[in-house]
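J.: Below are the chains, spelled out letter by letter.
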Amino acid sequence: MMLSKERLTINALAGNFDMSRPAVSKHIKVLHSTGFVSIEDIGRERYCTLNEEGFNQLQNWIHYFDRFWNKKLKKLEVLMNQHTKTKRKK
Amino acid sequence: MQKDIQHIWFFQHPPDRVWEFLTKQELLEKWLMENDFKPIVGHRFQFNTKPKVKFGFDGIVYCEVLEVVPFQKLSYSWKGGPGKGKIVLDSIVTWTLTPKDNGTELILDHKGFAGWKNFIAYMVMNSGWKIHVKKRLDNLINNTNAHKSTGI
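These protein sequence lines map, in sequence, to chains A and B.
With the numbering used here applied, the first sequence corresponds to residues 1 to 90, in that order.
With the numbering used here applied, the second sequence corresponds to residues 91 to 242, in that order.
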């Protein structure tokens, strides 16, 4: 969570870890492609910031679909009971 | 933080009846969404619903049937996004049916939210990072203390 408070260059980040700069760079690229990290070029340096929106968006989706399925399954239950009743009447 | 969705429901109907409602296009439409579903592995289909602009969702769920075990299991991919083919939601929906006394237990698993794979990778990576940072910090603190004691 080093990035949560500040904007760091890839070099500065790499300096903190037992990982080569290219390895850190690769991790950052993955995080960037998923929207978790923003990359900004300032001058000759590349700065990274943690993008909280990336995390929040995923949580939004999950909460949304959790409610969605609950609603739909209730509907399915009602529908199935109705169908069975009409069938029996016939 | 929540990362998967699971719902377990009990229906007072046999599995073949529940299966019909999961796999027959016209029945599926009645409780879930408009669709062109077919219970054939590899079949690509869509669910259509109202767009949710707030979530960057254009109302189309792009799916592909991944697994069909009649009356037991059904699984499809579940992808969506803001439109123009951009996918921000990449997940998998799995239905599991188990016969029970007087009915069927239906388990819905909605998981594999693509972002989470990377998030977990991130957390794993991060914990590795933390250990190294802690080591550095400990060294730094110890050094500072050493300096202090020499200073006094």
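No lab work stands behind these hints: they were computed from the structure.
Heads up, some of the hints might be wrong.
[Stated by the list, open to error] Coverage of chain B stretches by chain A, computed from C-beta distances (three or more under 8 Å per stretch; other residues unrestricted):
no.	stretch
1	102-114
2	119-130
3	191-203
Think of the CB as a built atom: it goes at the ideal place given N, C-alpha and C, for glycine as much as any other residue.
J.: All hints are to be evaluated individually against the structure, with a verdict given for each.
T.: Verification of the hints:
Beta-carbon proximity to chain A at under 8 Å applies to 5 residues in the stretch 102-114 of chain B; the threshold of 3 is reached and the given coverage holds. Counting residues of the stretch 119-130 of chain B whose beta-carbon sits less than 8 Å from any beta-carbon of chain A gives 3, enough to reach three: the coverage restraint holds. Counting residues of the stretch 191-203 of chain B whose C-beta lies closer than 8 Å to any C-beta of chain A gives 4; at least three are required, and the coverage claim holds.
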